[in-house]
Each structure stands twice: as structure tokens, then as C-alpha cells.
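**Q** Here's the letter readout for the chains.
Protein chains: 2
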Amino acid sequence: YSLTRSLLSVFEEDAGMLTEYTNQLLQSMQRVFGAQSEMGLATEQLSQRLLEYEKKNFALGKGDEEVISTLQNFAKSVGELNSLHSELANQMADSMVFPLIQFREKDLTEISTLKEIFGIATDEHEAAMVKYSRLPKKKENEKLKADLVKEVAYTRRKQHQASLQYYCALNALQYRKRVAMLEPMLGYTQAQISFFKKGIELVSKKMDTFLSSVSNMMQK
Amino acid sequence: YSLTRSLLSVFEEDAGMLTEYTNQLLQSMQRVFGAQSEMGLATEQLSQRLLEYEKKNFALGKGDEEVISTLQNFAKSVGELNSLHSELANQMADSMVFPLIQFREKDLTEISTLKEIFGIATDEHEAAMVKYSRLPKKKENEKLKADLVKEVAYTRRKQHQASLQYYCALNALQYRKRVAMLEPMLGYTQAQISFFKKGIELVSKKMDTFLSSVSNMMQK
Chain F
1 YSLTRSLLSV
11 FEEDAGMLTE
21 YTNQLLQSMQ
31 RVFGAQSEMG
41 LATEQLSQRL
51 LEYEKKNFAL
61 GKGDEEVIST
71 LQNFAKSVGE
81 LNSLHSELAN
91 QMADSMVFPL
101 IQFREKDLTE
111 ISTLKEIFGI
121 ATDEHEAAMV
131 KYSRLPKKKE
141 NEKLKADLVK
151 EVAYTRRKQH
161 QASLQYYCAL
171 NALQYRKRVA
181 MLEPMLGYTQ
191 AQISFFKKGI
201 ELVSKKMDTF
211 LSSVSNMMQK
Chain Y
1 YSLTRSLLSV
11 FEEDAGMLTE
21 YTNQLLQSMQ
31 RVFGAQSEMG
41 LATEQLSQRL
51 LEYEKKNFAL
61 GKGDEEVIST
71 LQNFAKSVGE
81 LNSLHSELAN
91 QMADSMVFPL
101 IQFREKDLTE
111 ISTLKEIFGI
121 ATDEHEAAMV
131 KYSRLPKKKE
141 NEKLKADLVK
151 EVAYTRRKQH
161 QASLQYYCAL
171 NALQYRKRVA
181 MLEPMLGYTQ
191 AQISFFKKGI
201 ELVSKKMDTF
211 LSSVSNMMQK
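Chains F and Y, in that order, give the protein sequences. For the first sequence, UniProt numbering assigns the number 1 to the initial residue and increments by one for each residue that follows. For the second sequence, UniProt numbering assigns the number 1 to the initial residue and increments by one for each residue that follows.
Rather than coming from a laboratory, the hints here were simulated on the basis of the structure. Please note that the accuracy of each hint is not assured.
Put simply, identical chains are the same to the list, so a pair is met inside one copy or across any two.
Said to hold, decoys possible - Derived pair list, reagent style DSS-like, types lysine-lysine, alpha-carbon separation capped at 25 angstroms: (1) Lys115 with Lys143; (2) Lys145 with Lys76; (3) Lys206 with Lys106; (4) Lys56 with Lys106; (5) Lys115 with Lys56; (6) Lys145 with Lys158; (7) Lys137 with Lys150.
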């Protein structure tokens, strides 16, 4: 029993540390996601601003046609970049932040619920045993004694069941934890790979053209 | 003179609009730069967090070696990604935000300084003319009259000079403005191209390996 207890406390300490670590990791991931979302919004605003140049209708814009059409083209590229940023932010939310939230809400919450149930069952079993041990050894208590024996047996069964469920969940957590740590990273990596693949296509097709046309213009 | 005046007001209106637009554009660019900086910091924090997993020293981490080494590897890749983000943020600051700030501080501020100088010179010239016109037509005023004629001529010359400088600057602004609008975009584009080129290298070399090894682990 004492061995079980000390093993249990090791499991519990691990689960507590894991909960703490999960919360910190989740915070970092949400910060990355937040930065990525803001990047999408900021890029969108920049693209809008560039389009506004034309609407300013500068009176002395006679030589501006070239600048305007370049800025328009550029705004389009920035707009496409903005789509990539938004897509990346969405993928981060879905496949990095969400799995870890689910791990916390489902697995870690289950542990603490089962721990609570196990605690209540232990208390009930101990209360039944105390009641039984305090019973005066008189003949007329036979009926009451039989009832208490039943209660002790019932609460012991209940406690045993609760402990099994709790131990099982703690044990399963050791395996779940590995997937829980790796799954968000897998999501993050896939999102980054897709982002860079689409990004390199965008910059090599559109932005390279923009780059050379602007360089030419500025040398004039 | 009236034609000059109305042409001047067109130039001035344009310069005013350009100042307003420059400030808005600068705001958008600073927002993009801010998001990019935050992305670097957030990515760095995530990389640190992943490294902390090992230090947690989970008691029941017997099967964790594989997870730990995967997270370490992953943290390294995230760290390299963080370098790319910081580099991008620095390039944005140097070649997108800075040129536009310089345009505002140098060219636009020069315009408003020259406008002020021109205004003062105009006032002085008008004051001299008013003094001259109010001079009583008496013989004994000959000396004073000669002085005032000199003053009128002197202030006219000064005003003429100030107006030339102001007109020239307004005119030059029409050309400077094109470069000023395109230069930051050129910087932005070059920074993005370099970011995606390095990024695709990073993800195709390191992250692809990570991806397949984690996929394998998670299927086990």
C-alpha cells in the first residue's frame, strides 16, 4: 500500500509538472499565433495604403502613372502575401494551438476529475471504517453491524474502482503526453513548410519582376 | 503674379497631401515591422520553451528520450527560423521604414521650413512697402525715403530668393516623391525574397526530416 502511495505521488507530481509545462507551452504557442495574425492584419493594411496612393489624386501627378501602376502591382503582391500570412495563422490555430488546448481540456482535466473522485471515494471508505470500528460490541448491534460491514465493502469497492480509473489515466497520460507534445510541433512544421513553399513561388514569380522594374525606374 | 500664386497653392496642396499620405504609409510600415519583430520574439520564446521540456526532469520519462531529442532538434529549427525572422525585421527597419522616415524628416521638413522662411520674407517686404507708401511727401524726408527705397529693394530681393528656393524644393519634391514611394517597397521586397529563399532552404533541409521522423514516431 505504501509503495502504491509513493508511486502514486510520483505519477501525480509528473502530472502536475506536465500541466504547468503545457500551460507555458500553450502560452508561447498562442503568442506565436497572435504575432502571425497581427502580421496578416498589418500586411493587409499596408496593401490597402498602397492602393490609396492613386485615390489621393495628386494634382501634379502627370508623371505618376508609372509609380501608380507599380504601386498597384505591388499592392497586389502584398495582398497575396497577406493571404499566405492569414493561411499560416489559421493553420497554426488549427493544428498547433488547438491540439494542445484539447490535450489540456480533455486529458489533463480528466486526471484532475478522477483524482477528485478518488479522493471522495477514499474519504467515504475511511468514514465507513471509522464508523465500524467505533461500534460497541453488544449483541443488539448485530443488525447495524451487518449494515456497516456492507457499507465498508461497498465503499472499498467504489474506492478500488476509482483508484483503478485514476491510475489508468495517469499511466495513459505518460503515452498521451508524447503525442501531445509532438502533434502541435508537427502542425507548426507542416504550416511553415507550406508557407515557405507558397511564399517562394510568390516572390520568384511576381516580386522578382517587380524588383527589376523598380530598379530600372529608380535608375532613370 | 496671380498665376504664380494659384500654381503655388496647387503645389502646396500636393505637398500637404503627400505629407499626410507619407505619415499614414509610415504608420502601416511600422505596424508591419512591429508584427515582424514580435514574431521573432515569440518564435524565440517558443524555441526556449521546447528546450525546457528536458529540464523538467519528468520522473517517469524513461520512454521520453526520443521525444526529448526530437524536441531538441525541433527547438533548434525553430531557433533558426527565429534568426530568419529577426533578420527580416532588421531589413524592414533599415530598408523600408528608415528611407521613408528620412524622406519625411529631410524632404518634407525642408518644404515646411522653406515655406516659413518665404512667409517671413513676404511679410518683411510688405511691411517695407507699407512704410514707404505712408511716407509724407516732404522735402526733409529725402534721406529717409532713400533708406526706405533701399529697404524695399533689399526685402524684395530676399523674398525673391526665398520664393525661388521654396518653388525649387516644391518642384524637386515631385520627383523625390516617386523614389520616396518606391524605395521602401523595394527594400520590403528584397527583404521578403531573401527571407523566403532562406526559409525554403531551412524547411526543405531540416524540417522535412523532422516531419518524417515525427510522423513515424506518432504512428508507433
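**Q** Each hint needs a verdict: does it hold in this structure or not?
**A** Consistency of the hints with the structure:
1. Lys115 with Lys143: For Lys115 and Lys143, the Cα distance exceeds 25 angstroms both inside one copy (34 angstroms) and across copies (108 angstroms).
2. Lys145 with Lys76: Result: close neither inside a copy nor across copies, 85 angstroms intra and 67 angstroms inter.
3. Lys206 with Lys106: Answer is neither; intra-copy 45 angstroms and inter-copy 32 angstroms both fail.
4. Lys56 with Lys106: Between. Shortest inter-copy distance 22 angstroms satisfies the 25 angstroms Cα cut-off; intra-copy 54 angstroms does not.
5. Lys115 with Lys56: Classified as between: cross-chain Cα gap 22 angstroms, same-chain 66 angstroms, threshold 25 angstroms.
6. Lys145 with Lys158: within (20 angstroms within a copy, 118 angstroms between copies)
7. Lys137 with Lys150: This pair counts as within: shortest intra-copy Cα distance 17 angstroms, inter-copy 132 angstroms.
Checked against the numbered hints given earlier, this structure breaks hints 1, 2 and 3; the rest are met.
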